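J.: Here the structure of chain A is known, so what remains is to put chain B in place on it, guided by the hints.
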Amino acid sequence: MFGEKYDVIVVGGGHAGAEAAAAAANMGSKTLLVTMNLQNIGQMSCNPAMGGIAKGQIVREIDALGGYSGIVSDKSAIQFKMLNKSKGPAMWSPRTQNDRMLFAEEWRLMLEGTPNVDFYQEMVSGLLVENGKIAGVKTSLGIEIKSKSVILTNGTFLNGLIHIGEKQFGGGRAGEKAATGITEQLVELGFESGRMKTGTPPRVDGRSLDYSKMSVQPGDAQPEKFSYTNTQVLQHQRDCHMTHTSALVHDLLREGFDRSPMFNGRIKSLGPRYCPSIEDKINRFADKDSHQMFVEPEGWKTVEVYVNGFSTSLPEDVQFKALRSVVGFENVKFFRPGYAIEYDYFPPTQLRHTLETKLVENLYFAGQINGTTGYEEAASQGLMAGINAHLKNNEQSPLILKRDEAYIGVLIDDLITKGTEEPYRMFTSRAEYRTLLRQDNADLRLTPLSYAIGLADEDRMKRMEEKLNKSEALVNFFKETSVLPKDINPILKEVDSAPVKQSDKMYKPFSRPNVTMDHMKTLPIVSDYITTHNLDNEVLEQAEIQIKYSGYIAKEKVNADKLHRLEAVKIPDNFDYTKLKSLSFEAREKLSKIKPVTISQASRISGVTPSDISVLLVFLGR
Amino acid sequence: MIQNDTIIALATPSGAGAIAVIRISGPEAIAIASEHFESVSGKKLSNQKSHTIHLGYIKEGANTLDQVLVSIFKNPHSYTGEDVIEISCHGSSYIQQQIIQLFLRNGCRTATPGEFTLRAFLNGKMDLSQAEAVADLISSDNAASHQIAVQQMRGGFSNEIKVLRSELLNFASLIELELDFSEEDVEFADRTQFKELLKRIQKVLQGLIDSFAVGNVIKNGIPVAIVGEPNVGKSTLLNAFLNEERALVSDIAGTTRDTIEDEISIGGIGFRFIDTAGIRETQDIVEGMGIKRTFEKIEQAQVILLLVDGPQLVSGNQKLRNTVLDFEKLKNKNPQKPLLLLINKADMLSKDDRLQINQHLENVHFISAKRGIGVDELRHSLLNFVNTGALRNNETIVTNTRHYNSLLKALEEIEKVQFSMKENISSDLMAIDIKEALYHLGEITGQVTNDELLGNIFANFCIGK
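These protein sequence lines map, in sequence, to chains A and B. Numbered according to this note's numbering, the first sequence terminates at residue 634, and the numbering increases by one at each position without gaps. Numbered according to this note's numbering, the second sequence terminates at residue 1146, and the numbering increases by one at each position without gaps.
Same shape as in the complex, but just chain A:
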């Protein structure tokens, strides 16, 4: 059935798998996507939303690199919000609520429309490994499919175990089978594996809710979008709603604690601290007698509703009883209860920066198998694994994003260098140079890199260049054009800023706090320029940020450049740390395991001290 050899086989069709397959295929690799159920490609297993703080920036980066997540999100969005608009531009974070079914459908259609992608539905139960090199996969039916590389994106499916109260059963997602065989084989090959836990809230019937008792959470009045391509902006949107728990709800939940797998010791693995279950929240923040809950529609048409903030693995009867005490949920009907799931992951320190495993050549891991959580984190890893699998097969240099280039760079470097004990989620504070990694400039940062390796197309590149040129010209226009006191002072007065006495270049008053592009646009000379040069909002926003935050941006660039100096001190691949007796025992062990590529990376490994680094520098001898 599979006579020919594939370039890349992707195991799994979630966010990571779908991006991996699309990237490899778009670059020209003959690609096969194998998944247990082809109906479930591009599933949103948890909340029906994409983006958010730090995550929205990642979606923009994926899009700028030529991935599909941004486009699929735009096409299936039912609400758009730019979070943190009141803060600095590094914090502006796009987020969409999505139609879950439409999202999956768009993904499936995007992949079907991508040349070079073949599909096959079956469980992969083993890997073909020859002399430490991957050779393909083996399915549960015993079929062997050959390939040059394999990308594993198994999500929560590897020995997945679902917990609801005291009940537990094998499964990768509600209603889906777990995958077996792969973990066992990898451990046999020398991989270290671990268990992680995550959870999801109940889904309920929207017709049973009383929205009049909740507060409305509408989308932005002027919605934007993720993709830098010509996807459409939402014309109308669906509202979310907000309610909250109460002391009564907490008491009812506590009644079930003795039957909670979290508390009775049944679940030993670590869950994400920052996406806690409701029982976790009650336990850890005992003094708070109310927590927010967001009620999110699952789509345009469906009545199904996602109860954000109520993730739980308590017995279903406890969930139900407690939820009925929440304001607006008095008559709630369940579609399905919330649950917790435990699954196998492989500590990501076993990977290279390309996401290729150190143990088996041409085998790549992406997504939750690496201990991450979140669609965006998974999708970006899939994209990078797909890109690098293709590049390696074609003997081209890898694409490794730096920490000051992309959140994706921070994500992968953190995973590879530090590993993770709990599900890893991206935060803006994980990035040292947050101000450089904005959602508005992901295309400027990344599209040229992707274009150079043949993934981002000509059209994308042209769009980026036009935006760059136009925004630079606009910045110069503000720097070179003067404005009279009588024209600018009314604006300054409006924002409580001291008036100017002499005419000055426009960028000066523009740089003052609270003066915005909208203010500047009221000046005829500015609005004329915008009309004449046909400038869109993206260009205006870019110029505004470049003018208003130039000091901060410059400062972070200087700091980022410092980092590059030690990035340049490379450590040879085969460097033998065991011989360096002057290294601390812990450092020797960690360095041998993680095999950092540069001194800079070595210094980021926990347990490696400054004196270890100096010893290392010295013995490298250059």
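Read the hints as simulated data drawn from the structure, not as lab findings. The model shown is predicted, which means the values in this text are computed figures rather than measured ones. Glycine residues also receive a C-beta, built at the ideal position from the N, C-alpha and C atoms.
Per the computed footprint, the stretches of chain A lying under chain B, defined by three or more beta-carbons under 8 Å from a beta-carbon of chain B, are:
1) 60-67
2) 99-109
3) 563-570
Okay, the calculated bits of chain B under chain A, using three or more residues with CB under 8 Å as the criterion:
4) 854-862
5) 1094-1106
T.: Quick look at chain B alone, frame taken from chain A:
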């Protein structure tokens, strides 16, 4: 931190010596040095070949700081592999500091300990055996250099900064948390407490920065101004202290046209004697400038010695009256400073002369600089000023220029954060300034987090190595 900027440090041990070597390294080293160096040959430094030595003057504007030898090493053929300038100057701490401060004001940054070596290593200038020697240095000197650092930071200065820094770090994390969870219901950083913390930090930093002046006094010697009319024997007195012919001495009034300084140790305390041109009113422009500088020097001095010519003093009433006026003037202008009236050439005075002087002036010291009479007693008097506590205090003082610079930068960032709070600037932007402040405070305490670590790699080296 490894940077692309131009760094400067003293390469020879700190303190007085015959000569001192100041090392500058970085892309701007030659340009900056060229700007402030006037070659005797008239050649511009920036046009000179690598590995050449040039005699000339370090100038700040029209003002000559010192006559020096400048060596040029162009990259990559230098110790660090970058452009390097080495200035051999005269060895007084004062001159060293003047030159270093001049370059710090003009584009250089104080090198962190070991930074020259780190740069050398990063630029591939060191081979394995050299590097191993360096490694020995790191391991053997660890405790010692730590102790030196601790000694430099007297009276819990390091601990105080450490505590404030960790409080600031704590707030920084709260602010980060707040940013990343701005959509969720988490506790926020208390702005009132934060403002209060910033205020405390600002106060401590300002205090430490102010103490640098005092610290410098102890490190570089207590400045003592010798004031007097021309030809009363100021230079001779200086020579009596020094026992060597360093100041220019002649019988022509006004020979010493500029201030000359020298440091001698009396009872283990460094005194920096500043021989000044006299304070006589003059038409001579050059000498007039000297007089202006004399008053500036008196300003900076901690102790003032007013030196008068004994025989001249008793030669007429006018002279005596003038001296009384001068004495009062100096005393009124510098009420806090110990002031000694020295009657020189006392060997040429009769008993009656001395009585006459004592009638008009109190607390006078009769000396003969030339014959060394009364010089020992004078030394004791000077020590007494120290021992009576006029210059001693138990407050924390900063003596290290590198710490001083870090304190200045930290304060600047803290003030930016305060400004941002006042202007309601978004906390993600404020976080950039907080991080920078943490970095500079960490430079002082040697605490290591993230990228601070990189700069710390070679921190156990002596500065300038």
